[in-house]
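*Asks:* Please put together the full structure from these sequences, using the hints given.
One letter stands for each residue in the lines below.
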Amino acid sequence: DAGVIQSPRHEVTEMGQEVTLRCKPISGHNSLFWYRQTMMRGLELLIYFNNNVPIDDSGMPEDRFSAKMPNASFSTLKIQPSEPRDSAVYFCASSLTSGEKLFFGSGTQLSVL
Amino acid sequence: GEDVEQSLFLSVREGDSSVINCTYTDSSSTYLYWYKQEPGAGLQLLTYIFSNMDMKQDQRLTVLLNKKDKHLSLRIADTQTGDSAIYFCAETTGRRALTFGSGTRLQVQP
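Going down the list, the protein sequences come from chains Y and W. For the first sequence, the positions run 1 to 113 when the working numbering is used. For the second sequence, the positions run 1 to 110 when the working numbering is used.
Treat the hints as calculated values from the structure; they're not laboratory data. Treat each hint with caution, since some may be false.
[Claimed, not checked] Here are the simulated DSBU-like cross-link-like pairs (lysine-lysine), alpha carbons at most 30 Å apart as the crow flies:
| hint | chain 1 | residue 1 | chain 2 | residue 2 |
| --- | --- | --- | --- | --- |
| 1 | W | Lys67 | Y | Lys101 |
| 2 | Y | Lys68 | Y | Lys24 |
| 3 | Y | Lys24 | Y | Lys78 |
| 4 | W | Lys56 | W | Lys36 |
| 5 | W | Lys68 | Y | Lys101 |
| 6 | Y | Lys101 | Y | Lys68 |
| 7 | W | Lys36 | W | Lys67 |
| 8 | W | Lys56 | Y | Lys68 |
| 9 | W | Lys56 | W | Lys67 |
| 10 | W | Lys68 | W | Lys36 |
| 11 | W | Lys56 | W | Lys68 |
| 12 | W | Lys68 | Y | Lys24 |
| 13 | W | Lys36 | Y | Lys78 |
| 14 | W | Lys70 | Y | Lys68 |
| 15 | W | Lys70 | W | Lys36 |
| 16 | Y | Lys101 | Y | Lys24 |
| 17 | W | Lys56 | W | Lys70 |
| 18 | W | Lys36 | Y | Lys68 |
| 19 | Y | Lys78 | Y | Lys101 |
| 20 | Y | Lys78 | Y | Lys68 |
| 21 | W | Lys70 | Y | Lys101 |
Keep in mind the model is a prediction, meaning the values are calculated, not measured.
*Replies:* So, in structure tokens, the structure goes:
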């Protein structure tokens, strides 16, 4: 298996633009997680899905952030409009179930200018 | 709520042992994990331990769990420069998402 695949690897955009981050979990995994990593706040859980259903989105910063999982093999995290303070590394991870060990993608480095 | 604490930084000399410590608050934690993050990469699962175990050894890695004190440690024997990375402790009860610590940056000096 190729592991968790994220795209793009790097994204540079201007304030106010829409940003879409993509994730393909490991085949057979039922849980998918979106994390954000910054120097100031470390690793933060934004949202996670079980069987394509959002279970906990309490970590989503505000309404500008939205996440979808239309099927078991694909998820998106969208920021609209983006702001400079959204600059961070965004990780997607998957696991067999929500309480099991996570496998992380390589992350998307987002820079909002 | 659940919380996981780690010291921020550890520096050791090559060949020495490294011990990275972690404390957590949820007494119901069932699974405890150590992840390693190298620069520019995602988190990689290193090892894990179930709460009914006190110790787990895997080659150069030894995990110790003190459930009474809610303390977890990772010992790396014969630390190499390639071990330089950020190490994250994480825990879960098995019925919720993992809670991660803030990470410990390990610097190995030649």
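*Asks:* Confirm or reject each hint.
*Replies:* Here is how each hint holds up against the structure:
1. A hinted pair counts as satisfied when its Cα atoms are at most 30 Å apart, and Lys67(W) with Lys101(Y) qualifies at roughly 20 Å.
2. Restraint check: the Cα-Cα separation between Lys68(Y) and Lys24(Y) comes to about 12 Å, which is no more than 30 Å; the hinted pair holds.
3. With a CA separation close to 15 Å, the supplied pair Lys24(Y) and Lys78(Y) stays within the 30 Å bound.
4. Pair hint Lys56(W) plus Lys36(W) holds up; C-alpha atoms about 17 Å apart against a cutoff of 30 Å.
5. Restraint check for Lys68(W) and Lys101(Y): the C-alpha separation of about 23 Å stays at or below 30 Å, so the hint holds.
6. At roughly 22 Å between alpha-carbon atoms, Lys101(Y) and Lys68(Y) fall within 30 Å of each other, so this suggested pair holds.
7. Of the supplied pair hints, the one linking Lys36(W) and Lys67(W) holds, its CA atoms being roughly 23 Å apart against a limit of 30 Å.
8. The straight-line distance between the Cα atoms of Lys56(W) and Lys68(Y) is roughly 38 Å, outside the 30 Å bound, and the hint therefore fails.
9. Using a Cα cut-off of 30 Å, the hinted pair Lys56(W) and Lys67(W) holds, with the two alpha carbons roughly 14 Å apart.
10. For the hint pairing Lys68(W) with Lys36(W), the CA-to-CA distance comes to about 26 Å; that is within 30 Å, so the pair holds.
11. For the hint linking Lys56(W) to Lys68(W), the alpha-carbon distance of about 17 Å falls within 30 Å, and the restraint holds.
12. About 39 Å separates the Cα atoms of Lys68(W) and Lys24(Y), which puts this hinted pair outside 30 Å; it is violated.
13. Pair hint Lys36(W) plus Lys78(Y) holds up; C-alpha atoms about 27 Å apart against a cutoff of 30 Å.
14. Restraint check for Lys70(W) and Lys68(Y): not satisfied, since their Cα atoms lie roughly 36 Å apart, outside the 30 Å limit.
15. Distance restraint check for Lys70(W) and Lys36(W): the Cα-Cα separation of roughly 21 Å lies within the 30 Å cut-off, and the hinted pair is therefore satisfied.
16. For a cut-off of 30 Å, the pair hint linking Lys101(Y) to Lys24(Y) stands: about 17 Å separates their Cα positions.
17. Distance check on the hinted pair: Lys56(W) and Lys70(W) sit about 16 Å apart at the alpha-carbon level, within 30 Å; holds.
18. Taking the CA atoms of Lys36(W) and Lys68(Y), the gap is about 28 Å. The hint holds against a cut of 30 Å.
19. Proposed proximity of Lys78(Y) and Lys101(Y) is supported: the alpha carbons are some 25 Å apart, at most 30 Å.
20. Proposed proximity of Lys78(Y) and Lys68(Y) is supported: the alpha carbons are some 8 Å apart, at most 30 Å.
21. Of the pairs offered as hints, the one joining Lys70(W) and Lys101(Y) holds, with about 19 Å between alpha carbons and a cut-off of 30 Å not exceeded.
Checked against the numbered hints given earlier, this structure breaks hints 8, 12 and 14; the rest are met.
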